[in-house]
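Protein chains: 2
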Amino acid sequence: MSSAPRTPLMPLDEALSTLLQQITPSNGSELVATFDADGRVLAEDVVSSLQVPAFDNSSMDGYAVRCADLLPGAELSVTQRIPAGHQGQPLQAGQVARIFTGAPVPQGADAIVMQEQAELVADGDIPRVRFTHRPQVGEWIRQSGEDIRQGQTALRRGQKLGPAELGLAASLGLAQLRVVPRPRVALFSTGDELVMPGDVAPQDMPAGAIYNSNRFFLRALLHRLGCEVSDLGIVPDRRDATLAALKTAADHHDLILTSGGVSVGEEDHVKPAVQALGALALWQIAMKPGKPFAYGHVRRETQNGTAHFVGLPGNPVSSYMTFLLLVRPLILKLQGVENLVPECLQLPAHFELPKADKRREFLRARRNDQGGLDLFPNQSSGVLTSVVWGDGVIDNPSGKTIARGDVVNFWPFAGWLS
Amino acid sequence: MSSAPRTPLMPLDEALSTLLQQITPSNGSELVATFDADGRVLAEDVVSSLQVPAFDNSSMDGYAVRCADLLPGAELSVTQRIPAGHQGQPLQAGQVARIFTGAPVPQGADAIVMQEQAELVADGDIPRVRFTHRPQVGEWIRQSGEDIRQGQTALRRGQKLGPAELGLAASLGLAQLRVVPRPRVALFSTGDELVMPGDVAPQDMPAGAIYNSNRFFLRALLHRLGCEVSDLGIVPDRRDATLAALKTAADHHDLILTSGGVSVGEEDHVKPAVQALGALALWQIAMKPGKPFAYGHVRRETQNGTAHFVGLPGNPVSSYMTFLLLVRPLILKLQGVENLVPECLQLPAHFELPKADKRREFLRARRNDQGGLDLFPNQSSGVLTSVVWGDGVIDNPSGKTIARGDVVNFWPFAGWLS
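Protein sequence lines correspond, in order, to chains X and W.
Heads up: the first sequence runs through residues 0 to 417, numbered per numbering that gives the first Met the number 0.
Heads up: the second sequence runs through residues 0 to 417, numbered per numbering that gives the first Met the number 0.
Derived from the structure by calculation, the hints contain no laboratory data.
Please note: incorrect hints may appear among the correct ones.
Just so you have them, the derived chain W footprint on chain X, three or more residues with Cβ under 8 Å [stated by the list, open to error]: (1) 97 to 103; (2) 306 to 319; (3) 405 to 416.
C-beta atoms are modelled at their ideal positions from N, C-alpha and C, and glycine is treated no differently.
Work out the full structure, taking the sequences as your base and the hints as a guide.
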């Protein structure tokens with residue numbers, strides 16, 4: 000029952016770089032349909048095997064013309080019409096072609112005139128038109144290769160694929176993409192006080208019991224990061240149960256993620272269990288919320304190598320923030336993503352924080368209509384109301400108070416979640 | 000072959016409000032597991048049936064004490080230990096309880112002292128401790144109901160659920176949530192020039208053919224918005240095929256979404272087909288990229304009512320931007336979401352735009368390390384390279400040039416995609 004010695008606090012940046020040093024990006028890959036690749040990470044560069052556009056084409060509905068023909072008052076013969084997907088005939092002097100958006104520009108034509116700038120002067124088999132505008136050479140023509148040249152690298156290895164990237168890959172004719180396999184993550188919680196929603200009704204909750212909320216947001220966050228999640232449930236606070244859960248998890252996963260059981264208190268069976276099966280470092284990170292954090296590895300029994308182990312604090316907001324700030328970059332690096340940090344904004348505080356904290360604080364806040372930040376009044380780490388209310392966190396250095404109007408660093412949640 | 004009359008351009012805001020006036024939020028609902036509710040929209044308020052925390056509990060590993068006992072130099076008896084999930088005994092004068100994070104504060108105790116501020120002075124059956132800190136009443140105690148009170152509305156109808164919202168609902172004991180049904184969207188493209196990636200190799204593409212890229216990003220965007228997507232493929236540029244596709248789509252979907260076939264050119268069979276089966280308005284929106292846009296409805300044959308119809312322009316970037324600016328709010332409103340517009344940032348331009356456009360422009364740009372915006376050099380709407388390169392768009396009013404250093408409105412893509 001002796002008190003634990005005081006552990007010196009580790010700066011968050013040091014914790015992150017120490018963590019990332021342990022992570023080797025996956026060198027595996029798999030082919031997936033481009034249709035199903037949203038959220039995945041490219042395992043190889045995508046080099047274009049064609050010109051985009053493949054041919055000079057019209058970017059308007061109108062008339063393909065020869066600029067030299069368009070003298071003031073000239074009336075020209077419309078000798079052909081070229082819809083998108085159809086090939087026209089070469090254009091002779093004095094001729095124009097009716098043309099539609101996306102259609103190939105016929106040989107001899109050097110500009111497009113919008114249909115709104117054309118007047119029909121004679122109908123019939125060969126209609127005649129006059130133009131109210133004199134185009135410059137190249138007007139409304141999209142040149143072949145203007146967007147992407149053949150041989151150009153259009154998407155890079157390590158790039159995370161979103162809707163636009165899938166569209167770009169499709170425009171190069173790629174029905175499949177070679178991506179990094181989904182990280183396999185085993186998720187479990189520890190704690191005798193935890194009850195799964197649905198198992199016990201609120202009015203029947205025993206004294207001291209709380210609902211397990213961390214598994215819900217951790218699972219959703221992991222899915223958003225493209226992970227395959229095995230949910231091992233709530234592991235009882237016993238050494239044998241914890242050892243068994245860790246062994247099973249290590250064999251089939253890249254990362255074992257737990258919440259709870261990593262503080263310096265002595266009621267935790269996770270720490271000695273991880274130490275028995277591998278190694279574990281317990282950090283006290285100089286951040287608030289989110290001080291206790293554990294990183295280690297667990298040896299695999301049925302194959303070589305180890306699984307990464309991360310123990311998050313049990314308090315929901317601490318767990319949420321340490322996930323975003325430490326586990327998210329870990330998972331991205333596992334997938335070979337290079338850009339691990341989202342964009343940070345500088346915005347004025349529309350509140351006061353008169354009391355500084357020793358630790359670097361991540362204050363839940365949201366943008367107001369005046370372009371400033373409002374602070375959620377209850378910064379307790381016990382429940383996620385502040386995270387639901389806020390649309391991001393202020394990153395406030397240790398020991399710093401905030402006066403109204405001070406410009407502070409703000410991380411929108413959207414940048415971490417999209 | 001007469002030229003279409005010049006249609007006056009409609010401001011984007013007018014287009015959006017006209018569109019939204021046509022949309023009645025769904026009044027249906029369904030129960031889904033909280034585990035599976037990420038990205039869904041709440042169909043009813045979530046009212047807490049419990050206090051969070053349910054009981055006063057320790058927010059530290061340490062000792063539960065009676066502040067009045069903590070006179071300087073006092074040595075106190077540790078008569079019990081209370082792990083999380085266990086209920087302690089009432090604390091008598093002169094007694095303290097070893098307590099762990101999350102454990103209920105025993106009756107009689109009025110503060111927690113962190114274990115780092117305790118010194119063990121006598122071990123044995125009843126150890127004795129001395130404290131290096133004199134706590135205030137309530138210190139490190141999370142009060143019952145501090146985060147959420149019983150009867151409080153914790154989440155509102157129309158709220159979009161993300162990881163944090165799921166965690167909050169779970170902490171209230173909710174294993175299921177009542178959400179709005181997924182909008183059912185039928186997606187098709189038109190255009191004889193379109194080829195599906197995989198159907199024809201790049202080297203074998205016929206002259207004038209291009210790969211269909213719009214379906215790929217539209218499908219991914221619709222999925223991110225929680226829609227159920229029926230992909231009806233590429234419909235040939237023929238009236239009969241278009242009519243058949245529309246009839247099938249209307250019967251089973253809330254929204255029919257097409258790309259291509261909505262410009263004022265005469266090669267489109269979508270417009271007359273929609274008009275024959277319902278109604279259609281063709282808009283020329285004063286935005287760049289993305290001018291042509293069609294909104295209408297298609298009558299259902301097998302049941303009452305109509306399906307919404309939206310025709311997006313065929314150019315990929317036009318299609319992408321009109322989706323984000325017009326279709327995304329439409330789909331959110333269908334689900335009863337009230338907050339339809341993401342946050343806009345004000346950032347300095349680190350480039351020049353010497354030539355103004357008549358239309359409101361959405362310029363693809365990205366934030367640089369100096370906190371400014373760089374512009375993608377090729378603002379062509381033909382291919383998605385600019386959207387992939389950029390991390391958002393500058394919303395530049397019509398007729399406005401941009402000088403280096405001008406503060407401009409910037410919409411990060413992340414706010415639209417998360």
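Status of the hints after comparison with the structure:
| no. | hint | result |
| --- | --- | --- |
| 1 | 97 to 103 | holds (count 6) |
| 2 | 306 to 319 | holds (count 4) |
| 3 | 405 to 416 | holds (count 5) |
The structure meets every hint from the earlier list without exception.
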